[in-house]
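Please build the complete structure, drawing on both the sequences and the hints.
The residues making up each chain are set out below.
Protein chains: 2
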Amino acid sequence: MYDMAIELHTDGSRRLYEQIYDYIKTEIRDGKLLAGERLPSTRSLAEYLQVARSTVEYAYGQLLSEGYIESRPYRGYFVCAMEGLLCMEEPADREEVDRPSADAYSISDGNAEGEKVECNYNFSPHEIDMSGFPFGVWRKITRNILTYGNSELFARGEAQGDYDLRETVSRYLHSSRGVNCEPEQIIVGAGNDYLLMLLEKILGRQVRIAMENPTYIRTYRIFHSFAYDIVTVDMDECGMRTDCLVRENASAAYVMPSHQFPMGIVMPIGRRMELLKWAAGREGRYLIEDDYDSEFRYCGKPIPALMASDKQGKVIYIGTFSKAIAPAIRVSFMVLPQALLERYRRECSFYSCTVSRIDQRILNEFIRDGYFERHLNKMRKIYRAKQELLLRCLEPFRDKFEVSGENTGLHLILTSREDVAEEELLGRAEREGVRVYGLSESIVEEFHRRATVLIGFGGMTQEQIAEGMKRLEKAWL
Amino acid sequence: MYDMAIELHTDGSRRLYEQIYDYIKTEIRDGKLLAGERLPSTRSLAEYLQVARSTVEYAYGQLLSEGYIESRPYRGYFVCAMEGLLCMEEPADREEVDRPSADAYSISDGNAEGEKVECNYNFSPHEIDMSGFPFGVWRKITRNILTYGNSELFARGEAQGDYDLRETVSRYLHSSRGVNCEPEQIIVGAGNDYLLMLLEKILGRQVRIAMENPTYIRTYRIFHSFAYDIVTVDMDECGMRTDCLVRENASAAYVMPSHQFPMGIVMPIGRRMELLKWAAGREGRYLIEDDYDSEFRYCGKPIPALMASDKQGKVIYIGTFSKAIAPAIRVSFMVLPQALLERYRRECSFYSCTVSRIDQRILNEFIRDGYFERHLNKMRKIYRAKQELLLRCLEPFRDKFEVSGENTGLHLILTSREDVAEEELLGRAEREGVRVYGLSESIVEEFHRRATVLIGFGGMTQEQIAEGMKRLEKAWL
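Protein sequences appear in the order of chains Z and F.
Per this note's numbering, the first sequence starts with residue 1, numbered consecutively.
Per this note's numbering, the second sequence starts with residue 478, numbered consecutively.
For the record, the hints were derived by calculation from the structure and aren't laboratory data.
Incorrect hints may appear among the rest.
As the list claims (entries may be wrong) - Over 10 Å on every C-beta distance to chain Z, these chain F residues come out as not near it, computed from the model:
hint, residue
1, Q496
2, Y500
3, S608
4, S628
5, D641
6, C658
7, D670
8, R685
9, E725
10, A805
11, R845
12, I920
13, A943
Unchecked claim - Below, simulated DSSO-like cross-link-like pairs (lysine-lysine); rule was C-alpha separation at most 30 Å, straight line:
hint, chain 1, residue 1, chain 2, residue 2
14, Z, K378, Z, K470
15, F, K800, Z, K140
16, F, K858, F, K502
17, Z, K25, Z, K474
18, Z, K140, Z, K25
19, F, K617, Z, K323
20, F, K788, F, K800
21, F, K617, F, K502
22, F, K678, Z, K323
23, F, K754, F, K788
24, Z, K201, Z, K323
25, Z, K140, F, K788
26, Z, K277, Z, K201
27, Z, K201, F, K678
28, Z, K201, F, K788
The C-beta atom is built at its ideal place from N, Cα and C for all residues, glycine as well.
Okay, structure coming up:
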């Protein structure tokens with residue numbers, strides 16, 4: 001067993017867990033702790049250092065989440081292989097590192113190859129923390145699946161997705177989103193974009209669709225490419241204004257009730273009821289509920305999906321595992337109300353499923369065996385810690401900016417109290433090496449408003465957040 | 478080492494390799510050879526039995542391809558685990574087995590759940606042999622990829638697919654299909670159906686598309702769901718008749734020049750040139766080349782793709798790994814000519830890639846490291862042997878039926894010389910427990926013709942083929 005002779009400063013200048021975390025990280029980086037080496041158990045290290053066991057656990061958790069160490073069941077904690085570390089390094093004090101977190105996710109990536117971002121501190125609202133990804137579990141499940149005994153997995157599967165996975169998803173939706181649906185109503189597909197393409201085939205071409213303004217611009221572009229007749233509807237602090245919606249002759253409305261992007265609004269039950277009433281008002285009207293990141297809520301009880309309140313088959317629910325697990329997994333799902341399900345079966349069921357059956361099976365076991373739940377708990381903790389840090393860093397900004405969107409999700413919203421242009425704020429940040437995102441990127445039709453920026457924290461390490469915010473302070477205050 | 482006391486009959490009544498193959502298979506099935514047990518090396522068994530080493534290799538190859546044994550590098554051959562065997566068992570002499578090969582692939586699967594097929598001998602033209610799938614290699618590649626060092630793989634990738642994979646595909650297209658294209662022209666997608674959906678967004682809605690009659694009915698359904706204006710064009714022995722095509726005011730034509738489905742026609746160079754000339758005759762005209770199973774050609778040299786002859790950017794090429802590797806892999810690709818590539822970039826590049834980056838990486842290594850080539854060689858041999866057997870079994874049918882389509886692909890075509898209805902033939906076969914496929918399933922507009930059936934052999938074992946054909950003889954002759 002490796003002896004951790006950590007000199008802890010107990011004068012309160014730095015937190016104990018941070019000192020343990022820093023010490024071990026430095027030891028690993030400097031090659032003093034080698035890949036594969038076992039760390040002392042949390043209990044023995046806590047005894048040795050005379051600190052609470054939870055302090056060591058917290059430090060280990062941080063190292064785990066950042067990919068420095070891994071946990072092996074019944075065996076303990078081990079140092080990860082170096083290649084793993086290289087790409088996890090935060091570039092806090094290095095000028096040469098130009099892309100701390102890949103920007104492929106950016107909403108502004110209009111071109112296929114993606115633009116290089118020169119900024120070292122990219123507060124993208126679309127990035128997630130991949131360091132917490134449970135590679136070990138994923139690898140184990142995969143290994144067990146890829147055997148001769150499962151060769152039927154390599155044949156073409158059901159068009160809607162494997163029944164087992166749909167059953168697991170329906171259980172998950174019931175327990176965590178309050179949605180009661182049958183596996184028969186679920187269609188598994190390779191990402192939301194694909195499911196929207198399929199939905200176009202189901203809803204048909206003559207759709208007049210209402211969207212909030214601002215909204216998730218990727219979806220706007222997709223509807224635009226369908227040549228849908230898009231009407232924008234104003235928002236208030238509860239989300240889409242139904243008094244405006246009723247004036248439009250729309251046949252569908254696209255909403256994100258659990259966490260509106262970009263405004264971060266959680267739609268209250270009253271507004272939800274109004275929307276459902278609007279949809280029920282005419283045959284063929286539907287609400288498209290995009291529940292893209294409902295998993296990450298930091299305060300209060302989880303709020304059920306809009307579909308959970310739908311008694312009349314008016315909600316089309318779209319969920320994804322891209323945010324909660326990893327974008328590369330490419331598994332999303334859509335829950336159709338009965339009437340649309342019949343239309344899908346009649347007119348679209350010959351489209352083959354776009355998700356590999358192997359991936360479907362891996363995901364199914366990942367959820368079914370409780371790994372997903374554990375992963376979510378872990379990520380929620382990680383994101384909460386990042387958000388708390390970001391909120392602390394934002395304290396000095398509160399004179400000049402209003403901060404909102406802190407209940408849920410992976411970004412916060414800053415609205416300027418002064419008369420300053422959005423581009424001016426972005427430009428000043430950029431000159432300090434910080435990239436934040438203007439609300440204008442999410443705006444379909446510009447309107448009179450204060451300069452507003454989104455600050456995402458999902459893909460940033462705590463160090464990056466701290467240093468990036470220091471620079472932003474210099475840029476803006 | 479297990480001693481194989483095989484009594485070989487050398488009177489010529491049965492081939493030596495077959496006797497060895499049968500003996501070992503029976504030993505495994507009867508549990509005398511257990512999972513994980515090592516077989517003697519081919520050399521030592523050949524010496525022991527006093528036969529040529531190639532005879533043993535052939536027997537082992539057959540056992541390998543049917544999943545009874547597996548080969549481990551540097552270690553030899555081992556008996557596979559029993560679960561693996563259960564699903565590989567051919568039901569030759571068992572009444573209770575009702576689905577020797579899943580029918581999810583059938584072109585007639587109009588409903589999402591797929592219909593149960595009661596026939597024990599399903600000569601589906603759409604099934605492939607999965608027993609040859611290199612699980613070991615796939616598992617090894619997967620294991621190496623799923624590490625912390627590759628965590629960037631779990632982030633969202635390029636919309637067109639990972640550049641490395643596109644580079645590998647472009648090299649493969651060059652060497653095996655004669656196509657010269659840049660990785661920039663390639664779009665990777667989750668299956669042909671998806672790529673066609675994307676193509677709809679690129680080509681737009683006002684497309685009048687020419688299709689052969691008969692054609693691949695799945696694609697017909699997809700174009701139909703796009704509300705494309707579909708015109709059917711008659712075929713002759715060279716494929717789509719250009720003299721008929723020029724009379725239609727079509728803006729695109731969908732063809733399968735390497736192996737027309739279902740007729741099995743390989744389009745000669747003269748007709749190809751005529752098609753290219755037609756396309757060049759007006760701006761905005763395109764040929765959609767579906768090269769779905771060009772890998773399996775049994776005689777003569779491989780014939781380059783139509784795109785290889787295209788000098789004017791008129792061909793949209795669609796290829797897939799579903800046939801050559803496994804349907805579940807869900808990786809297809811589309812090569813766009815320059816003009817359409819620009820339109821794609823302008824209007825559609827915000828659609829995220831539908832294939833998981835992990836799967837892309839696995840496939841890339843599989844092709845790049847030569848496993849794909851080896852796999853194809855192996856499968857070509859397996860399919861050739863099955864086709865030869867089927868052709869032998871078809872000898873007694875030649876008085877009553879014309880046999881065609883033997884140059885390439887995974888099915889043969891029987892055209893009746895007599896005045897009998899197609900349904901009559903199918904019905905008589907079905908009563909003997911044999912399912913063959915009527916040409917009518919591929920017909921868009923019925924025309925005067927002889928009864929024609931497709932007999933696929935890809936998904937059948939040799940035993941199934943032999944027994945199924947015996948029954949078909951009873952049904953039809």
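Now the hints, each set against the structure:
With a cut of 10 Å on Cβ distances, Q496 of chain F stays outside the contact zone with chain Z, its closest approach being about 24 Å. At the 10 Å boundary, the C-beta of Y500 of chain F stays outside the reach of chain Z, the nearest C-beta of that chain being 21 Å off. For S608 of chain F, the non-interface assignment is contradicted: its Cβ lies about 7 Å from the closest Cβ of chain Z, within the 10 Å cut-off. For S628 of chain F, the shortest C-beta to C-beta distance to chain Z comes to about 5 Å, within the 10 Å cut-off, and the non-interface label is violated.
D641 of chain F, annotated as away from the interface, keeps every beta carbon of chain Z farther than 10 Å; the closest lies near 14 Å. Non-interface status of C658 of chain F relative to chain Z is upheld: no Cβ of that chain comes within 10 Å, the nearest being about 16 Å off. For D670 of chain F, the requirement that its beta carbon stay farther than 10 Å from each beta carbon of chain Z is not met, with the minimum near 5 Å. Against chain Z, the non-interface label of R685 of chain F holds: every CB pair exceeds 10 Å, the least being about 17 Å.
Its beta-carbon lying about 24 Å from the closest one in chain Z, E725 of chain F satisfies the requirement of being farther than 10 Å from that chain. For A805 of chain F, the condition that its CB be more than 10 Å from all CB atoms of chain Z is violated, with the nearest at approximately 4 Å. No beta-carbon of chain Z comes within 10 Å of the beta-carbon of R845 of chain F; the shortest separation is about 19 Å. Here I920 of chain F stays apart from chain Z, with its beta-carbon at least about 17 Å from theirs, past the 10 Å limit.
Look at A943 of chain F: its CB is around 22 Å from the nearest CB on chain Z, clear of 10 Å, so calling it non-interface holds up. Distance check on the hinted pair: K378 of chain Z and K470 of chain Z sit about 27 Å apart at the alpha-carbon level, within 30 Å; holds. Proximity of K800 of chain F to K140 of chain Z is assessed by CA-CA distance (about 28 Å); at most 30 Å being required, the pair is judged to hold. Under the criterion of a C-alpha separation no larger than 30 Å, the hint pairing K858 of chain F with K502 of chain F is consistent with the structure, at around 20 Å.
A threshold of 30 Å between alpha carbons decides the hint, and for K25 of chain Z with K474 of chain Z the separation of about 29 Å falls inside it, so the pair holds. Between K140 of chain Z and K25 of chain Z, the direct Cα distance comes to roughly 26 Å. Compliance with the 30 Å bound is thereby established for this hinted pair. For the given pair, K617 of chain F sits about 28 Å from K323 of chain Z by alpha-carbon distance, which is consistent with the 30 Å threshold. For the proposed pair K788 of chain F and K800 of chain F, the alpha carbon gap of about 28 Å is at most 30 Å, so the pair holds.
For a cut-off of 30 Å, the pair hint linking K617 of chain F to K502 of chain F stands: about 27 Å separates their Cα positions. Among the hinted pairs, K678 of chain F with K323 of chain Z is consistent with the structure: their alpha-carbon atoms are about 27 Å apart, no more than 30 Å. For the suggested pair K754 of chain F and K788 of chain F, the alpha carbons sit about 11 Å apart, so the restraint of at most 30 Å is met. Distance hint between K201 of chain Z and K323 of chain Z is fulfilled; the C-alpha atoms sit about 26 Å from each other, no more than 30 Å.
Taking the CA atoms of K140 of chain Z and K788 of chain F, the gap is near 49 Å; set against the 30 Å cutoff, the hint is violated. Under the criterion of a C-alpha separation no larger than 30 Å, the hint pairing K277 of chain Z with K201 of chain Z is consistent with the structure, at around 25 Å. Simply put, K201 of chain Z and K678 of chain F have alpha-carbon atoms about 13 Å apart, close enough for the 30 Å limit, and the pair holds. Taking the CA atoms of K201 of chain Z and K788 of chain F, the gap is near 35 Å; set against the 30 Å cutoff, the hint is violated.
In this structure, the earlier hints numbered 3, 4, 7, 10, 25 and 28 are contradicted, and the remaining ones agree with it.
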